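Engineer: Given the structure of chain A, go ahead and fit chain B onto it with the hints provided.
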Amino acid sequence: MADLRPPIECGAPDPMPYMHPVMKKNYGKWVFHSHPKPGVLYHRAESGDAIWTVKAGTQRQMDTYTIRELSDIADKFGDGYVRFTARSNIEYMVSDEAKVEPLIKALTDAGYPVGGTANSVSMIAHTQGWLHCDIPGTDASGVVKALMDELYEEFIKCEMPNRVKLSTSCCEINCGGQADIAIIVQHTKPPKINHDLVANVCERPAVVARCPVAAIRPALVNGKPSLEVDEKKCICCGACFPPCPPMQINDPEHSKIAIWVGGKNSNARSKPTFHKLVAAGLPNNAPRWPETAEVVKKILRVYKEDGRPWERMIDWIDRIGWPRFFEKTGLPFTKYHIDDWRGSRATLNASNHIRF
Amino acid sequence: MAKKMYDTPMLDQLESGPWPSFVTGLKRLAKDNDMMVDLMGQLEASYKTKKGYWKGGTVGVFGYGGGVIPRFTELKDENEKPVYPDAAEFHTLRIQPPAGMHYDTKTLRWMCDVWEKHGSGLIAFHGQSGDIMFQGIKTENVQPAFDEFNENGFDLGGAGPALRTSMSCVGAARCEMSCYDEARALRTVINNNLDDMHRPALPYKFKFKFSGCGNDCVNAIQRSDMATLGTWRDNMQVNAELVQAWVAKNGKGELVNQVINMCPTKALSLKKQGNESKADGVVAVAVDGEDCMEIDNHNCVRCMHCLNVIPGGMLPGKDKGVTILVGGKGVLKIGATMGTVVIPFMKLESDEDFEKLNDLARNILDFFAENALEHERTGEMIDRIGLVNFLDGIGLEIDANMVAMPRNNPYVRMDAWEEEVAKAEERKSA
Numbered sequence: 001m002a003d004l005r006p007p008i009e010c011g012a013p014d015p016m017p018y019m020h021p022v023m024k025k026n027y028g029k030w031v032f033h034s035h036p037k038p039g040v041l042y043h044r045a046e047s048g049d050a051i052w053t054v055k056a057g058t059q060r061q062m063d064t065y066t067i068r069e070l071s072d073i074a075d076k077f078g079d080g081y082v083r084f085t086a087r088s089n090i091e092y093m094v095s096d097e098a099k100v101e102p103l104i105k106a107l108t109d110a111g112y113p114v115g116g117t118a119n120s121v122s123m124i125a126h127t128q129g130w131l132h133c134d135i136p137g138t139d140a141s142g143v144v145k146a147l148m149d150e151l152y153e154e155f156i157k158c159e160m161p162n163r164v165k166l167s168t169s170c171c172e173i174n175c176g177g178q179a180d181i182a183i184i185v186q187h188t189k190p191p192k193i194n195h196d197l198v199a200n201v202c203e204r205p206a207v208v209a210r211c212p213v214a215a216i217r218p219a220l221v222n223g224k225p226s227l228e229v230d231e232k233k234c235i236c237c238g239a240c241f242p243p244c245p246p247m248q249i250n251d252p253e254h255s256k257i258a259i260w261v262g263g264k265n266s267n268a269r270s271k272p273t274f275h276k277l278v279a280a281g282l283p284n285n286a287p288r289w290p291e292t293a294e295v296v297k298k299i300l301r302v303y304k305e306d307g308r309p310w311e312r313m314i315d316w317i318d319r320i321g322w323p324r325f326f327e328k329t330g331l332p333f334t335k336y337h338i339d340d341w342r343g344s345r346a347t348l349n350a351s352n353h354i355r356f
Numbered sequence: 001m002a003k004k005m006y007d008t009p010m011l012d013q014l015e016s017g018p019w020p021s022f023v024t025g026l027k028r029l030a031k032d033n034d035m036m037v038d039l040m041g042q043l044e045a046s047y048k049t050k051k052g053y054w055k056g057g058t059v060g061v062f063g064y065g066g067g068v069i070p071r072f073t074e075l076k077d078e079n080e081k082p083v084y085p086d087a088a089e090f091h092t093l094r095i096q097p098p099a100g101m102h103y104d105t106k107t108l109r110w111m112c113d114v115w116e117k118h119g120s121g122l123i124a125f126h127g128q129s130g131d132i133m134f135q136g137i138k139t140e141n142v143q144p145a146f147d148e149f150n151e152n153g154f155d156l157g158g159a160g161p162a163l164r165t166s167m168s169c170v171g172a173a174r175c176e177m178s179c180y181d182e183a184r185a186l187r188t189v190i191n192n193n194l195d196d197m198h199r200p201a202l203p204y205k206f207k208f209k210f211s212g213c214g215n216d217c218v219n220a221i222q223r224s225d226m227a228t229l230g231t232w233r234d235n236m237q238v239n240a241e242l243v244q245a246w247v248a249k250n251g252k253g254e255l256v257n258q259v260i261n262m263c264p265t266k267a268l269s270l271k272k273q274g275n276e277s278k279a280d281g282v283v284a285v286a287v288d289g290e291d292c293m294e295i296d297n298h299n300c301v302r303c304m305h306c307l308n309v310i311p312g313g314m315l316p317g318k319d320k321g322v323t324i325l326v327g328g329k330g331v332l333k334i335g336a337t338m339g340t341v342v343i344p345f346m347k348l349e350s351d352e353d354f355e356k357l358n359d360l361a362r363n364i365l366d367f368f369a370e371n372a373l374e375h376e377r378t379g380e381m382i383d384r385i386g387l388v389n390f391l392d393g394i395g396l397e398i399d400a401n402m403v404a405m406p407r408n409n410p411y412v413r414m415d416a417w418e419e420e421v422a423k424a425e426e427r428k429s430a
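In order, the protein sequences belong to chains A and B. In terms of our numbering, the first sequence opens at residue 1 and continues consecutively. In terms of our numbering, the second sequence opens at residue 1 and continues consecutively.
Pulled out of the complex, with its shape left as it was, chain B reads as follows:
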């Protein structure tokens, strides 16, 4: 039995209603846990005053400089004593999950046991960067808790100006849209660069994220400094039987409304059978006895819409690979930015391909470390120096797929036009 719980009339109102209540969970923990009794006291105070009461500090484990989020209470009485002393230290351990966030119940139960022994018993699956967040631990328990996780195959994640914990979608484990081994890519890039995660020394945070296709289920383009998205460069695969089954169920009108008309590049069209185009890359699939749907594969941008609507009927091609985008980030300081293309296509199958991905990641990290200003994200750095200088710095060739449109202002010196044309010709013939 823990000490007596405080009255929490505000939090109590979050126990009713159909959605699972975290307050009910906090109360269950508080029954035999003084830290949670006081945590609830402080949280109720926040609800009343609409103010937060945590400040950071320095807490870590031996050998690492990051991965623990220190929290000390700022809610003090007139004698500078914590109002809720048992929650005066309430740190978080960020632990990296298995890529794709798979768990067996034995592991989940073991995590519960460890966290009850050393911490508060409050766990979030997962934080926005993908960490398992073990929340609520006193400074003195941080090292033994980490030791127990670490000796059983788990490692701290990133925090501060460092390489951050990564995320990959479910991908190859359970999805027909998957265009590469997302978990392997994540583990290749992250686990070869752990020094930058565990010993924060970058200008600011750096995130990698890995999505198996353009649906981008882990929000890589928007939320990562380097996004790896699956794609393919041959014709998409078609299963005519499944396409016909879809049309039989939904009607040809809906094929036009929901599939053909929604193709962003008008790469799909409905034609009478016998009128199919013979052009390269055009594939026709019969949708019923009289009509067929034509797919202009050279004009398809792999947006995934038609594959989403007719699952299995249309599938990624066989010549799969990835597109790499760089520079996604949140609001501060220049406004949110999306990642933009730096490699339109690269294969990601052989050991050498994964090695190449890792080299690219290392190269970009190094360039960022050397050239970004303090507290500047990669997207902001590129905004400041220009994409061409960034590409130059990491040794990548320019490509027309990197722009939505060419320059629309004349404010540029073009003395070296002939030289650049020669380079373009060289790239074309390569």
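The following block holds chain A by itself, in its conformation from the complex:
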């Protein structure tokens, strides 16, 4: 063990050595920004220094060829500095306006869409899926690639009422997070239990404790210690699956896709909101998930047409009301849209506020 060295616990690196010199020089001293065109931002500092940012979409799961190509573009057409956004877009910062157009051309020619700023549909926040997750109900990068192909024009143009943030999640844990439109796996059948494996693989009390509706209890099955699920109580959330893989929740047919809208992380205008269920039962149809894309595009079409400037998805729906949202999008309103989880009374309409 002599050659094992203790780690250097250096933590999060100081960004200064990696930061564009103009940004470093004017750190904390910015006073103005504008949005000259889709994918381009202009920022001006107190000192009069300016910086242009060109934003491009990436596949997030990148091979080294892609990263080197993006670096080549930064060295040849930019100033050699980039950053990534929370949604895996790459941003090139340049201090000379003359570099903006050649940079856009280089990125576009290499197949990286320039856009994603302001009132566009930005890249989809997503997770790992079949590529690397241990509990996925579907893929992540593939769903995102298929959807962004469909939403490409909305990424490179800024034609929405306000910014639109999307997310996808491969199970109900929702690692993709709250979004204007969130695409999330929804299981519809209780887990199938492999009773031969439970005793060896799972810490049974921990699994029992995970269940949000207390539907799991210890049981002896075929003489072996195992678990059983009260299927009438089970809400098919899949919470038992990560701590106990023999509680197989993923099902090629019955793990469906649901769509949620109106989540917002920003405090602008209204307080941050959680997204709400609008559609479900969509098939997990790899490799391109066309049924899911159709619903997302339908919602975006109506929002684009009906939303007023600066209204995020939830601001728009708050103005027109949920009944009209369902009417305009043509999505069916079902009993499953009426919440019955804790605190659900606060989601009911306790008024005569009804639009006709």
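It is worth saying that the hints were derived from the structure and are not from the lab. Since the model is a prediction, treat every value here as computed from it, not as a measurement. We put the CB at the ideal spot given by N, CA and C, even for glycine. Misleading hints may appear alongside valid ones.
To be verified - Quick list of the computed label-pair ranges, beta carbon to beta carbon:
#1 A:D149 x B:R199: 39 to 47 Å
#2 A:K192 x B:V421: 28 to 36 Å
#3 B:L373 x A:E101: 34 to 42 Å
#4 A:E305 x B:A240: 48 to 56 Å
#5 B:K117 x A:K24: 26 to 34 Å
Structural biologist: Okay, now just chain B, sitting in the frame of chain A:
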């Protein structure tokens, strides 16, 4: 040259279309990388059967208990042998990025070189917690890969029941809305508490996130156990010239529609010049030759909307600081929760201020470690014990800014009402 690639008719369909294709990237790597050939084989199988085939395990580096996501294939043949043996181990190294995710190309190229040498060549910028995810490495290569990153200034991130890698927005580096040094706050809080990241021993995960203003570009309120958001407490700054330029371009009607009417607390109004209010905190800015827009700063909630619409025309005030919210988390187990206010305002400028932020973070982490149940997030713990008990535990005073409304049910014992009134009076006079 690697071994022959498998047919991947499903994945191939993700190569067409205008968006950059990760499948094309995987194929480029597979040309001279057996691990990627087999990774594609397994991924294609997932696309066909709609099932995932990875399981976790225990893989790490010397001295740390977390930061590596182990993945072993579960796709085995009848003899229990992996169907895709070269991708039978496909672990991920989570590496913390520079705060704000800034890179020069030299660093990016160096990361590519290291990952080609030890791993698959597949890198995600970034995971949802903010890590650079170096994906695809065999167990035996994990230590040398980590050594190379670590000896050059990079460290593993968090995984499991631990302090997690953090995120801060671009903030002070390039944004006029920034109300504090986000990168410094992140590095203060994270780098002083690394023991809890590298040696997972908390009840469950704990996340800090840092946003420079209420726009909350890193989704701190929703996605972190302790969110630090920039704000200010004096009047917002106004640049009349830029406001007038906006009105000249868009018209006064749009100022009403897009700015004044969308203010959530009706803190903005349009008035004839000469009729401005003289009340404290009210500032009027001429929008053209006849009218002005009045800003009632005491009623402004720093939501950022008008600053977003008229960039530079309206700016954060000069007396900047932060609001701290606690308890944001995802769905499991009680349903998603937003963080809620525990400190309405604190300064974050001097060394002492940053020390105070770090003390608060440590204090909350300690309380969480001692009081949360196994697999319970901070938001769930607060839901269980009540906010007042949580505040008591970490030694914070109550404040009316912590609630959206007071209690609306009488189910509470109030024996100590007089005592509590006395405390309220004391707080008021402090």
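Engineer: If any of the earlier hints don't hold here, list their numbers in rising order.
Structural biologist: The structure breaks hints 2, 3, 4; every other hint is satisfied.
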